[in-house]
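2 protein chains.
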Amino acid sequence: MSDTGFISATSIVMSSHGEPSEVLRGHELVFESVPEDCVLVEMILASVNPSDKSRIRGVYPTSIPDRDFKLASDPSQDVTGTLAGNEGVGKVTKLGSAQVTDINNVQISEGDWVIPFDFGSLGAWSSKLVIKAKSVVVIKNTEGLTADDCCSIKVNAATSYRMLLDIVTLNKGDYVIQNGANSGAGQYLIQLAHLWGFKTINVIRDRANYQETVDYLTSLGADIVVKDSELGTPEVDEQLKNLDGPIRLAINCIGGENAQKMARYLEANGTFSTYGAMTLDPIVVSAPSFIFKNLTYKGYWLGLFYKNNPVSVWIKTWYDILELMRQGKLVAQKSRHLDVSANLNAELLQDTVFNALNSSEKVAIQF
Amino acid sequence: MSDTGFISATSIVMSSHGEPSEVLRGHELVFESVPEDCVLVEMILASVNPSDKSRIRGVYPTSIPDRDFKLASDPSQDVTGTLAGNEGVGKVTKLGSAQVTDINNVQISEGDWVIPFDFGSLGAWSSKLVIKAKSVVVIKNTEGLTADDCCSIKVNAATSYRMLLDIVTLNKGDYVIQNGANSGAGQYLIQLAHLWGFKTINVIRDRANYQETVDYLTSLGADIVVKDSELGTPEVDEQLKNLDGPIRLAINCIGGENAQKMARYLEANGTFSTYGAMTLDPIVVSAPSFIFKNLTYKGYWLGLFYKNNPVSVWIKTWYDILELMRQGKLVAQKSRHLDVSANLNAELLQDTVFNALNSSEKVAIQF
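Here the protein sequences line up with chains Z and R, keeping their order.
Mapping of the first sequence onto the UniProt record's numbering: position 85 corresponds to residue 85, and the numbering continues sequentially without gaps.
Mapping of the second sequence onto the UniProt record's numbering: position 18 corresponds to residue 18, and the numbering continues sequentially without gaps.
Rather than coming from a laboratory, the hints here were simulated on the basis of the structure.
Certain hints may be false.
Said to hold, decoys possible - Far from chain Z by the CB rule (all over 12 angstroms, computed), these chain R residues:
1) 42
2) 70
3) 73
4) 96
5) 113
6) 142
7) 215
8) 221
9) 238
10) 260
11) 281
12) 286
13) 294
14) 295
15) 296
16) 325
Claimed, not checked - Dumping the calculated BS3-like pairs for lysine-lysine here, alpha-carbon to alpha-carbon at most 30 angstroms:
17) 362/Z <-> 293/R
18) 227/R <-> 298/Z
19) 261/R <-> 293/Z
20) 362/R <-> 261/Z
21) 172/Z <-> 307/R
22) 227/R <-> 261/Z
23) 298/Z <-> 172/R
24) 307/R <-> 261/Z
25) 53/R <-> 293/Z
26) 307/R <-> 241/Z
27) 293/R <-> 307/Z
28) 298/R <-> 298/Z
29) 298/R <-> 241/Z
30) 298/Z <-> 293/R
31) 293/Z <-> 316/R
32) 261/R <-> 316/Z
33) 307/Z <-> 261/R
34) 261/Z <-> 298/R
35) 172/R <-> 307/Z
36) 172/Z <-> 70/R
37) 134/Z <-> 293/R
38) 298/R <-> 227/Z
39) 293/Z <-> 362/R
40) 241/R <-> 298/Z
Glycine included, C-beta positions come from ideal geometry on N, C-alpha and C.
Could you build all of it, start to finish, from the sequences and the hints given here?
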């Protein structure tokens with residue numbers, strides 16, 4: 001924090017929707033002050049999710065609010081766009097006024113951890129943010145919480161939490177089958193299902209560290225883990241036909257053939273829900289499986305949960321997730337940290353973000 | 001009706017599931033008596049629907065009850081299978097006992113019109129049926145009703161009636177878009193929607209008598225009729241973007257590309273329901289339209305409505321349809337009659353059924 005009032009930040013500016021390498025640029029920016037209704041946040045950790053790529057490409061129906069950011073090299077020059085990155089956690093290092101409160105009307109103090117929550121208008125891939133106090137959620141009690149815990153609540157943890165409750169009313173002992181089960185959302189879904197008495201069948205790719213992944217997901221509470229290449233084999237058909245409960249919900253973030261093969265295991269009257277599209281392949285369904293198995297196919301988008309519910313409702317979800325984490329009942333998605341804190345500059349941050357977007361691992365940028 | 005007690009009938013026997021030409025055979029049968037709990041029905045009119053072909057092929061999850069029918073040529077010989085044909089109306093010409101009542105506990109008298117209702121175990125493509133009284137619905141008041149009215153209640157009229165009420169709760173002024181709109185179910189859907197204050201967009205093929213079909217559907221109450229080949233053109237896009245109400249429900253009996261192009265006109269949060277598959281092409285959906293348009297895809301099968309509701313509920317649907325017909329508010333699906341009454345024999349009935357199954361027109365067999 002600068003005593004002069006000038007605040008310099010290293011940030012990723014998104015100029016328009018498109019391929020990340022085309023529309024994202026690292027810049028050294030300068031903020032001249034912290035307006036009264038704002039806070040200065042120094043980012044600690046920012047996630048890089050598959051959904052970031054989709055958002056940047058413009059798959060999400062969200063617009064880019066054009067803002068003018070001043071360049072540190074020449075503050076008379078502006079760069080227009082928004083700051084990219086949809087999820088992260090930071091520390092408040094300056095208050096616009098002594099009385100600022102967050103979106104849930106909780107008083108913010110210097111030193112508080114906050115999660116920026118701005119529906120995409122101001123992103124997390126920036127060493128510092130000058131952001132409206134009403135656009136953050138403050139975490140007053142950080143005891144027992146890590147930056148990783150807080151960093152993945154807004155997107156992945158909340159998605160899985162809500163999907164298990166909002167799509168169908170599951171009974172204890174019901175099975176949920178999901179693909180991309182080692183994703184961030186997949187890891188949360190396994191744990192929350194296990195906590196709430198539901199069982200999970202987890203479809204993952206056949207990868208080099210397959211057994212290690214199985215062991216990890218099992219340690220989270222996964223009941224069954226299968227390779228996508230094994231879907232449809234007599235062994236897996238036999239295994240999933242003889243469960244001690246019905247497979248009532250399928251959760252899809254892949255699409256294409258993987259989705260189609262997974263759907264075959266749903267019970268009659270089951271629901272197939274798509275919340276992501278890691279492949280761009282469409283979802284294909286035969287008429288008889290709609291008509292005679294009485295399957296329902298629908299989407300799940302957390303954006304609609306946020307849009308259609310008052311703050312008090314979704315804050316309750318966040319607080320519940322944080323409490324489960326404090327109690328050690330829910331662990332954060334595993335992610336590799338890309339530490340940019342030494343010698344941070346625009347080029348390093350840009351390279352790091354491009355690497356992160358192309359990584360097959362779950363990664364987070366550590367500021 | 002024979003005074004000797006022997007009843008001869010010309011019937012289509014289905015031996016197993018498969019291609020109609022392989023598994024259907026015309027036979028002259030003989031029934032030796034009418035058991036106490038049965039009635040003898042002389043069929044008046046029997047429909048031939050696209051769903052008959054699917055049922056014969058085994059697409060429907062219904063089994064074939066094996067029964068032994070005695071051959072008229074040699075009553076010591078049996079033919080095993082069931083009588084095909086799922087819908088029709090006939091006249092009761094003999095009662096097993098004086099006290100027989102139908103499935104709704106209504107007393108049956110000689111001369112009554114009845115609709116056989118036996119979930120596929122004994123079909124309508126037979127000049128006569130000896131059938132359990134509890135397997136028919138009697139129509140006591142036939143005033144103002146034609147055989148065509150009664151013949152298409154069980155499948156097509158009831159399907160459209162229930163689909164408009166059961167899939168989503170439509171509001172007055174909402175639009176329903178349907179393909180195969182000139183089908184029997186399509187014609188009922190247009191009329192019932194119009195009666196109940198919903199509007200319809202009707203997709204049909206570009207056929208020789210296109211304008212004649214448009215005029216007919218319009219006379220039934222169709223608000224908009226479009227060619228399937230015009231879906232996706234700027235003109236139709238423009239027309240359907242500027243309606244005075246939302247398109248909340250799509251009704252599909254075609255599948256494939258036609259279904260995909262129709263789905264694009266659904267409002268956000270809309271429902272796409274499949275009740276038939278005139279092509280065997282699957283239904284293809286992109287992940288974003290599930291996620292961001294929040295569309296729901298599901299099936300509709302009237303079989304489940306019958307299975308999941310007590311007789312009193314579905315009888316109310318039938319009685320309501322019949323009353324609308326008596327009042328002239330609902331007209332029967334247009335169908336060409338194939339009259340087999342002159343010189344009826346096994347070969348003629350078999351040829352007529354095969355022709356009917358391959359006909360592109362809606363046809364009914366007149367006994």
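Structure-based check of all given hints:
No beta-carbon of chain Z is positioned within 12 angstroms of the beta-carbon of residue 42/R; the least distance is around 33 angstroms. In this structure residue 70/R is separated from chain Z by more than 12 angstroms, as the shortest Cβ-Cβ distance comes to about 34 angstroms. The non-interface label for residue 73/R is consistent with chain Z: the shortest C-beta to C-beta separation is roughly 39 angstroms, beyond 12 angstroms. Residue placement check: residue 96/R keeps its beta carbon more than 12 angstroms from all beta carbons of chain Z (closest about 35 angstroms).
With a cut of 12 angstroms on Cβ distances, residue 113/R stays outside the contact zone with chain Z, its closest approach being about 30 angstroms. Every C-beta of chain Z lies more than 12 angstroms from that of residue 142/R, the closest at about 33 angstroms, which supports listing it as non-interface. The claim that residue 215/R is not at the interface with chain Z holds, since no C-beta of that chain comes within 12 angstroms of its own (minimum 30 angstroms). The Cβ of residue 221/R sits about 26 angstroms from the closest Cβ of chain Z, beyond the 12 angstroms cut-off, so the non-interface label holds.
With 12 angstroms as the threshold on Cβ separation, the claim that residue 238/R sits away from chain Z holds: the shortest Cβ distance comes to roughly 21 angstroms. Under the 12 angstroms C-beta cut-off, the non-interface status given to residue 260/R relative to chain Z is violated; the minimum distance is some 9 angstroms. Distance to chain Z contradicts residue 281/R as a non-interface residue, since its nearest Cβ pair spans about 9 angstroms, not more than 12 angstroms. The non-interface label for residue 286/R is inconsistent with chain Z: the shortest C-beta to C-beta separation is roughly 5 angstroms, within 12 angstroms.
At the 12 angstroms boundary, the C-beta of residue 294/R falls inside the reach of chain Z, the nearest C-beta of that chain being 6 angstroms off. Distance check for residue 295/R against chain Z: the nearest CB is about 7 angstroms away, which does not clear 12 angstroms, and the non-interface claim fails. A cut-off of 12 angstroms between C-beta atoms contradicts the statement that residue 296/R is not in contact with chain Z; the least separation is 4 angstroms. With 12 angstroms as the threshold on Cβ separation, the claim that residue 325/R sits away from chain Z holds: the shortest Cβ distance comes to roughly 27 angstroms.
Simply put, residue 362/Z and residue 293/R have alpha-carbon atoms about 28 angstroms apart, close enough for the 30 angstroms limit, and the pair holds. A threshold of 30 angstroms between alpha carbons decides the hint, and for residue 227/R with residue 298/Z the separation of about 28 angstroms falls inside it, so the pair holds. A hinted pair counts as satisfied when its Cα atoms are at most 30 angstroms apart, and residue 261/R with residue 293/Z qualifies at roughly 24 angstroms. Our distance criterion of 30 angstroms between C-alpha atoms is broken by residue 362/R and residue 261/Z, whose separation comes to about 37 angstroms.
Pair hint residue 172/Z plus residue 307/R holds up; C-alpha atoms about 27 angstroms apart against a cutoff of 30 angstroms. Under the criterion of a C-alpha separation no larger than 30 angstroms, the hint pairing residue 227/R with residue 261/Z is inconsistent with the structure, at around 34 angstroms. Between residue 298/Z and residue 172/R the alpha-carbon distance is near 25 angstroms, which keeps this suggested pair within the 30 angstroms criterion. About 29 angstroms separates the Cα atoms of residue 307/R and residue 261/Z, which keeps this hinted pair within 30 angstroms; it holds.
As the CA atoms of residue 53/R and residue 293/Z are separated by approximately 19 angstroms, the hinted pair is consistent with the 30 angstroms bound. At roughly 25 angstroms between alpha-carbon atoms, residue 307/R and residue 241/Z fall within 30 angstroms of each other, so this suggested pair holds. Distance hint between residue 293/R and residue 307/Z is fulfilled; the C-alpha atoms sit about 14 angstroms from each other, no more than 30 angstroms. At most 30 angstroms may separate the alpha-carbon atoms for a hinted pair to count; residue 298/R and residue 298/Z meet this at roughly 9 angstroms.
A threshold of 30 angstroms between alpha carbons decides the hint, and for residue 298/R with residue 241/Z the separation of about 23 angstroms falls inside it, so the pair holds. Between residue 298/Z and residue 293/R the alpha-carbon distance is near 10 angstroms, which keeps this suggested pair within the 30 angstroms criterion. With a C-alpha separation of about 26 angstroms, the suggested pair residue 293/Z and residue 316/R falls inside the 30 angstroms cut-off, and the hint holds. About 41 angstroms separates the Cα atoms of residue 261/R and residue 316/Z, which puts this hinted pair outside 30 angstroms; it is violated.
A threshold of 30 angstroms between alpha carbons decides the hint, and for residue 307/Z with residue 261/R the separation of about 29 angstroms falls inside it, so the pair holds. A threshold of 30 angstroms between alpha carbons decides the hint, and for residue 261/Z with residue 298/R the separation of about 18 angstroms falls inside it, so the pair holds. A threshold of 30 angstroms between alpha carbons decides the hint, and for residue 172/R with residue 307/Z the separation of about 27 angstroms falls inside it, so the pair holds. For a cut-off of 30 angstroms, the pair hint linking residue 172/Z to residue 70/R is broken: about 54 angstroms separates their Cα positions.
A threshold of 30 angstroms between alpha carbons decides the hint, and for residue 134/Z with residue 293/R the separation of about 28 angstroms falls inside it, so the pair holds. Annotation: proposed proximity of residue 298/R to residue 227/Z holds, straight-line Cα distance about 28 angstroms (limit 30 angstroms). A threshold of 30 angstroms between alpha carbons decides the hint, and for residue 293/Z with residue 362/R the separation of about 28 angstroms falls inside it, so the pair holds. As the CA atoms of residue 241/R and residue 298/Z are separated by approximately 23 angstroms, the hinted pair is consistent with the 30 angstroms bound.
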